[in-house]
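Q: Sequence:
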Amino acid sequence: MEDYYLWILAGGVGAILLVLLSYMGFFSKMACNAEETDEMILAYTNIEAPYAEMEKQSIELRKKLKEVLNDESIIGKGVNVYYDDPRFSPEVARWAVGYMVPESVLDILALNSISYVRIPAGKCLVVKFPYRNVFSYGLGARKAFDTMVQTANAKSIVINTPPMVVYGDELTAIRYILYLNHADIIHSMCDSPFDVLSASM
Numbered sequence: 008m009e010d011y012y013l014w015i016l017a018g019g020v021g022a023i024l025l026v027l028l029s030y031m032g033f034f035s036k037m038a039c040n041a042e043e044t045d046e047m048i049l050a051y052t053n054i055e056a057p058y059a060e061m062e063k064q065s066i067e068l069r070k071k072l073k074e075v076l077n078d079e080s081i082i083g084k085g086v087n088v089y090y091d092d093p094r095f096s097p098e099v100a101r102w103a104v105g106y107m108v109p110e111s112v113l114d115i116l117a118l119n120s121i122s123y124v125r126i127p128a129g130k131c132l133v134v135k136f137p138y139r140n141v142f143s144y145g146l147g148a149r150k151a152f153d154t155m156v157q158t159a160n161a162k163s164i165v166i167n168t169p170p171m172v173v174y175g176d177e178l179t180a181i182r183y184i185l186y187l188n189h190a191d192i193i194h195s196m197c198d199s200p201f202d203v204l205s206a207s208m
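So the mapping is simple: the working numbering equals the position in the sequence shown, first residue as 1, plus 7.
If you're looking for bench data, these hints aren't it; they were derived computationally from the structure. Keep in mind the model is a prediction, meaning the values are calculated, not measured. No residue lacks a Cβ here, since even glycine has one placed at the ideal position from N, Cα and C. Watch out, some of these pointers could steer you wrong.
Stated by the list, open to error - For each label pair, taking beta carbons as the anchor points, the in silico distance ranges come out as: (1) S120 with I164: 34 to 42 angstroms; (2) K73 with A41: 29 to 37 angstroms; (3) K162 with S80: 33 to 41 angstroms; (4) P97 with E62: 12 to 20 angstroms; (5) N119 with A161: 38 to 46 angstroms; (6) S96 with K130: 27 to 35 angstroms; (7) E110 with K73: 13 to 21 angstroms; (8) E46 with V165: 20 to 28 angstroms; (9) A41 with S195: 22 to 30 angstroms; (10) S195 with S111: 17 to 25 angstroms; (11) I66 with K162: 33 to 41 angstroms.
Unchecked claim - When the alpha-carbon atoms are kept at most 25 angstroms apart in a straight line, the in silico DMTMM-like pairs for lysine to aspartate or glutamate are as follows: (12) K70 with E55; (13) K73 with D114; (14) K84 with E46.
Input sequences plus hints: build the corresponding full structure.
A: Structural data, given as C-alpha cells:
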C-alpha cells in the first residue's frame, strides 16, 4: 500500500513538473528569423563569473549609469552578451551586461571609465522566447542559441559573433540576437572573443 501512495506522489510531482516546464516554454518550438537591426550604442561591463550573477551585475551597472548620467529615462534596453557558449554553464563564464544609451552621453561614459561600443545597423538571426520569470533568461539562452546553431548549419552560415539577449522594463518576450556581420567591432568588446568552435559542438 505504501508503494501505491509513493507512485501516486511521484506521478503528481512529475505532472506538476511537466506543467511548470511547459509554462516556462521548455517544450516550445522556437522560430529563428533573419532581421535587420538598427544601430546600437551599448554601455557595458565585462564579467567573469557564474551566469547566476548576471541579474545582480545588470542592476549594479544600471545603478552606476543612473548616478553618472543623472537621468534614468535615457537608459535604454538591457543587453547581455555571452562570450562563452550559453548552452553550457561553466563555473566561471565570460559575459557582459550592458544598456543601450544615446550618443549624447558618450563623453560622460568616457570620463567615468565606462566602456561602450557602437554597433552599426546590421543583419541578425533573431529568436524570441516567452518571459515568465528570472529563470527564463538562462533557459531561453540555451534553447535560443541551440536553435540559432541549427539554423546557421542548415544555411551554411558561419557563427563568429557572440549571442546576445535584449530585454526591456516591461517583459513579455526575451529577444535573442546573433549578428551576422560586424564581428570585428563586437570582438573588440572582449580580449578573448567568442570561441567559434564552441558554437559547433
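Q: Each hint needs a verdict: does it hold in this structure or not?
A: Hints and how they fare:
no.	hint	result
1	S120 with I164: 34 to 42 angstroms	holds (36 angstroms)
2	K73 with A41: 29 to 37 angstroms	holds (35 angstroms)
3	K162 with S80: 33 to 41 angstroms	holds (40 angstroms)
4	P97 with E62: 12 to 20 angstroms	holds (18 angstroms)
5	N119 with A161: 38 to 46 angstroms	holds (44 angstroms)
6	S96 with K130: 27 to 35 angstroms	holds (29 angstroms)
7	E110 with K73: 13 to 21 angstroms	holds (19 angstroms)
8	E46 with V165: 20 to 28 angstroms	holds (23 angstroms)
9	A41 with S195: 22 to 30 angstroms	holds (24 angstroms)
10	S195 with S111: 17 to 25 angstroms	holds (22 angstroms)
11	I66 with K162: 33 to 41 angstroms	holds (37 angstroms)
12	K70 with E55	holds (20 angstroms)
13	K73 with D114	holds (15 angstroms)
14	K84 with E46	holds (13 angstroms)
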